[in-house]
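Asks: This is what each chain is made of:
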Amino acid sequence: MKKSSLVFVTVDCLRADHVGFLGYSRPVTPGLDKLARNSIVFSDAVVAGAPTYFSFPAIMASRYPLALGREVLGIAPHEVTLATLLRDAGFTTAAFLAGNPYLSPRFGYEQGFETFRDFLDSESVRESAPTAPSATNWLSGLNRRIEADSRRTHLTAAAYDEVYFWYCQWRLPSENLSMDRLRVYPAAHVVVDQASSWLSSLGEEPFFLWLHLMDPHHPYYPPAEALSSMGIPGITPRRARFLNSYWNRGDVGTRRLQRHREEILSLYDAGIHWVDKQISRLVQVLQQSQRWNETVFVVTADHGEEFLEHGNRYHSPTNLSEQLIHVPLLIRSPKRLGMQLSREPFSLIHLAPTLLDGLGVAVPDSFQGRSYWEEISAGSLTSAPVIVECVKESNHPTQLGDQDLQRLMAVRDAAYKLVIDFSRGTDLLYDLANDPGEHFPLPDAALPKVRARLLQEARMHLRETRQNRNVELRLLARLREAQQSQRGKQREITTPSLAK
Amino acid sequence: MTQYRTVTLPEDLCAAAEKCLTGRFDSLEALFSFLLQEIAKDNTGRRDAADEQIIEQRLKDLGYL
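Chains as they are written, first to last, in numbering that gives the first Met the number 0: chain X, 0 to 499; chain E, 0 to 64.
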């Protein structure tokens, strides 16, 4: 019997509560909502780590992010992954990834792919976004002196920061400004165009196609067409640039940032809307090429995004809030019709083995997750706690300083969530049913049995991690990193950070 | 004083590997030293064990271990 193919779409920063099929009231995802009506929908899918560099080892290799040590990022050389297994099973494989440097060959993500395009080279990425003209030497010198003087008191520092921010806004050029020029990553239509072209070159063999889309990632510059399609005509490129600059400020408090939150959310939603449109276009391509009825189609995300719910922006691993770890997941299989809703917590550590099982490919022992295909197909997914882990506040994970930081872990079931902060020695228990926003940790003495049960899960996870560590893979990954850093091949990894 | 140990490896394998070495690992000694240091320091194992102890202590405090 001919094997089904697999199209696997991962969307950066896509929160579960911003898609229609999981209850978002804004009509952002009509295409995905339609797709969900004939899919297995997981309403409680949870990543195994966040952000991207702590999430994808679980997604692609069914391995917890810290299992090889916190110095190891990405996929280790020769590590078995969803892609290598499908390639070895006779699938033609391709990946089109919209310019996320943490999903590059430096971190092993090309393994298993016969065609791999990460757009990091890249003529598709912004070529020449307008920047402020350079200040003259004497002006820069004067500025540095004023700034240094302003740091003497809190008040003068705040005044300097305020004036400097507006000065920078004033100096930015406004001619020929467009969302396309401001955008840092290739938009979803560019990625889908290339994937469609690749699909048209295929024969009858089964294939594995992975797309990673970055449109909801900051800085938020959705295509103008997405904004108008959503009925948000008022945000011009200039306004979007201002909003992104303001949202990125590190010198203002939450209350001032809140003023622009709704507009930032509109930009974020428009990015999701564009992803939705392009995914629908990809589905059409598959339908028109008669491949749809032989294709398992999966959409999920590597993590979510925060918009001040806990005082934070973006997706730094400073906490493991639901906004960061709860993601959409739908699996459309041609063998199933109608929507099937799976409400139990489902960790993405189990996604790769589940998909392999569904495709009739053996699941390797090296995977830390297991297949739930049978249970899901029977509609009887049982509830088991999920583990999420990261290195707390590791925003520059390739740097030695970050590798010395402490682990942050969440253990979560359908009702409760325990967040264990090893840097503080605290474990905060949340009753998600009554406090879904995680604003009120339960008193230390409350629900000791629940707390102990989740702590036991954490203990078991750590013990298994320690006992089953693959030293060879760890060494190979360390060797790769050492060679790359020495050869100067490291690409400077920069993501827009909180400016001073 | 550092003492040294001699390890015996096939000459043709060493010669073939040396042809591939560049940058940081400009000799087999540098390569093997790096690999053995990585194995010996095992920060990862120590950290995981320390984290596990924190959990165990918490369970003991709660009376569940």
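What the hints contain is simulated information worked out from the structure, not anything from laboratory work. Among the clues, some could well be false.
[Unchecked claim] Just a sample of chain X residues kept apart from chain E, beta carbon distances all over 10 angstroms, derived: (1) K2; (2) N37; (3) S103; (4) G140; (5) T155; (6) S177; (7) V189; (8) S195; (9) P218; (10) I234; (11) R238; (12) N243; (13) S244; (14) Q286; (15) D364; (16) Q482.
[Unchecked claim] Simulated restraints, written as ranges between beta carbons of each label pair: (17) E:K40 <-> X:S365: 38 to 46 angstroms; (18) E:A39 <-> X:A158: 49 to 57 angstroms; (19) X:E373 <-> E:D60: 36 to 44 angstroms.
[Unchecked claim] Chain E side only, calculated, beta carbon under 7 angstroms to chain X, not exhaustive: (20) C19; (21) R23; (22) E37; (23) T43; (24) D47; (25) D50; (26) I54; (27) R57; (28) L58; (29) L61.
The beta carbon of each residue, even a glycine, is placed where N, CA and C say it ideally should be.
Asks: Give a verdict on every hint.
Replies: Now for the hints, and whether the structure bears them out:
1. K2: Non-interface label on K2 (chain X) holds, nearest chain E Cβ at 38 angstroms vs cutoff 10 angstroms.
2. N37: holds, 43 angstroms
3. S103: At about 19 angstroms from chain E, S103 (chain X) clears the 10 angstroms cut-off, so the statement holds.
4. G140: holds, 39 angstroms
5. T155: holds, 43 angstroms
6. S177: Non-interface label stands for S177 (chain X): nearest chain E Cβ at 42 angstroms, farther than 10 angstroms.
7. V189: holds, 35 angstroms
8. S195: holds, 39 angstroms
9. P218: Non-interface label on P218 (chain X) holds, nearest chain E Cβ at 35 angstroms vs cutoff 10 angstroms.
10. I234: Consistent with the label, I234 (chain X) stays out of reach of chain E, its closest Cβ about 45 angstroms off (over 10 angstroms).
11. R238: Given a closest Cβ separation of 46 angstroms, the condition holds.
12. N243: holds, 37 angstroms
13. S244: holds, 38 angstroms
14. Q286: Consistent with the label, Q286 (chain X) stays out of reach of chain E, its closest Cβ about 47 angstroms off (over 10 angstroms).
15. D364: The assertion about D364 (chain X) holds, with a minimum of 21 angstroms to chain E.
16. Q482: Given a closest Cβ separation of 6 angstroms, the condition is violated.
17. E:K40 <-> X:S365: 38 to 46 angstroms: 24 angstroms Cβ-Cβ, so the 38 to 46 angstroms window is violated.
18. E:A39 <-> X:A158: 49 to 57 angstroms: Holds, at about 54 angstroms.
19. X:E373 <-> E:D60: 36 to 44 angstroms: holds, 40 angstroms
20. C19: violated, 10 angstroms
21. R23: holds, 3 angstroms
22. E37: At 5 angstroms from the nearest chain X Cβ, E37 (chain E) passes the 7 angstroms test, so the hint holds.
23. T43: Given a least distance of 3 angstroms, the restraint on T43 (chain E) holds.
24. D47: Holds - the Cβ of D47 (chain E) comes within 7 angstroms of chain X, reaching about 4 angstroms at its closest.
25. D50: holds, 5 angstroms
26. I54: Status holds, d = 5 angstroms.
27. R57: holds, 6 angstroms
28. L58: holds, 5 angstroms
29. L61: OK, holds: L61 (chain E) within 7 angstroms of chain X, min 5 angstroms.
Consistency with the previously given hints fails for numbers 16, 17, 20, ordered from lowest to highest.
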